Amino acid sequence: MVLPVSMILLQIVLFQVAAMIEGDQAPPNTLTPLRMLAVNLSVTITGLLAVPFIAWLAKAPWRTILSYPRRFDRRRLLRYLGVTLLLIAGGNATVAVLAPESTTWTTFGITGTTITLLAVVVLTIPLQSLGEELMFRGAIMPAIASWVRPVLPALVIGVVVSSPVFALVHFAFDPWQLAYYIFIGLCFATMAVISRGLEASIALHIANNGLTFILNVVFAGGGALVLDRATVPGGPHLLIPVPFMLAAVGTVWWYERRRSAVRSATRGH
Numbered sequence: 002m003v004l005p006v007s008m009i010l011l012q013i014v015l016f017q018v019a020a021m022i023e024g025d026q027a028p029p030n031t032l033t034p035l036r037m038l039a040v041n042l043s044v045t046i047t048g049l050l051a052v053p054f055i056a057w058l059a060k061a062p063w064r065t066i067l068s069y070p071r072r073f074d075r076r077r078l079l080r081y082l083g084v085t086l087l088l089i090a091g092g093n094a095t096v097a098v099l100a101p102e103s104t105t106w107t108t109f110g111i112t113g114t115t116i117t118l119l120a121v122v123v124l125t126i127p128l129q130s131l132g133e134e135l136m137f138r139g140a141i142m143p144a145i146a147s148w149v150r151p152v153l154p155a156l157v158i159g160v161v162v163s164s165p166v167f168a169l170v171h172f173a174f175d176p177w178q179l180a181y182y183i184f185i186g187l188c189f190a191t192m193a194v195i196s197r198g199l200e201a202s203i204a205l206h207i208a209n210n211g212l213t214f215i216l217n218v219v220f221a222g223g224g225a226l227v228l229d230r231a232t233v234p235g236g237p238h239l240l241i242p243v244p245f246m247l248a249a250v251g252t253v254w255w256y257e258r259r260r261s262a263v264r265s266a267t268r269g270h
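Under my numbering, the first residue of the sequence shown carries the number 2, and numbering increases by one thereafter.
The set of hints was computed from the structure by calculation and includes no laboratory data. None of these values were measured; they are calculated from a predicted model. Mixed in with the good hints, there may be bad ones.
Computed spacing ranges between beta-carbons, pair by pair [to be verified]:
1. LEU247 <-> TRP57: 30 to 40 Å
2. LEU153 <-> PRO29: 37 to 47 Å
3. LYS60 <-> VAL152: 35 to 45 Å
4. VAL162 <-> PHE109: 35 to 45 Å
Cβ coordinates follow ideal geometry from the N, Cα and C atoms, glycine included.
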């Protein structure tokens, strides 16, 4: 629990620094460009610090946190990013049609604030997503799995136990939101286990956070983002993205299985 607590504390500190710089002009639940930068940097820093920390504890090369036993594959990451962007776009479009009241969208607007927020999203969401995956799937999940010796039970325990921690760190306390974030955590973790690396989960994380934030920014009426889960409670609308997330997991399973079959056939010749 050291890493999640450290992330939250760093997030609070950087958020307060951002608020002091801005002169506390915006309400606490408003995400200005500087506050978003503070939040994303706190996650990125914690995730990057998790790598040497876990490598030291496990007495293993730091690269094994990204993927094992194979090398980290950037082409794999880009392929998965392309697929998951399409799936997340489909999920957001479906939510907009079936449950528009569940979004924080007001009107389309482009202002200086909008452009600055978009710049922060494009530049830091990939880093923030990488940081979360390094922390939860690269560090916390294997650390929890190490409690058990047999491989299969260890994998199951690592996946299942790390997912509620992921949900709680996102302050998802509404039952619907809690279940949804646990489900997302399970998807990320399952993808990492299936592919034996973090490329797929990083790609889905970037696609989900990046595209969702871009839509929230451009439909914020030209102002800052209002981020308050208490004012937008969970509900059945959170079931809408589920099939798209499952499709992402299924795509990873299919792709990795195909690669494995190709490698086996090549060795056979």
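For each hint, the structure was consulted:
no., hint, verdict
1, LEU247 <-> TRP57: 30 to 40 Å, "holds (36 Å)"
2, LEU153 <-> PRO29: 37 to 47 Å, "holds (45 Å)"
3, LYS60 <-> VAL152: 35 to 45 Å, "violated (19 Å)"
4, VAL162 <-> PHE109: 35 to 45 Å, "holds (42 Å)"
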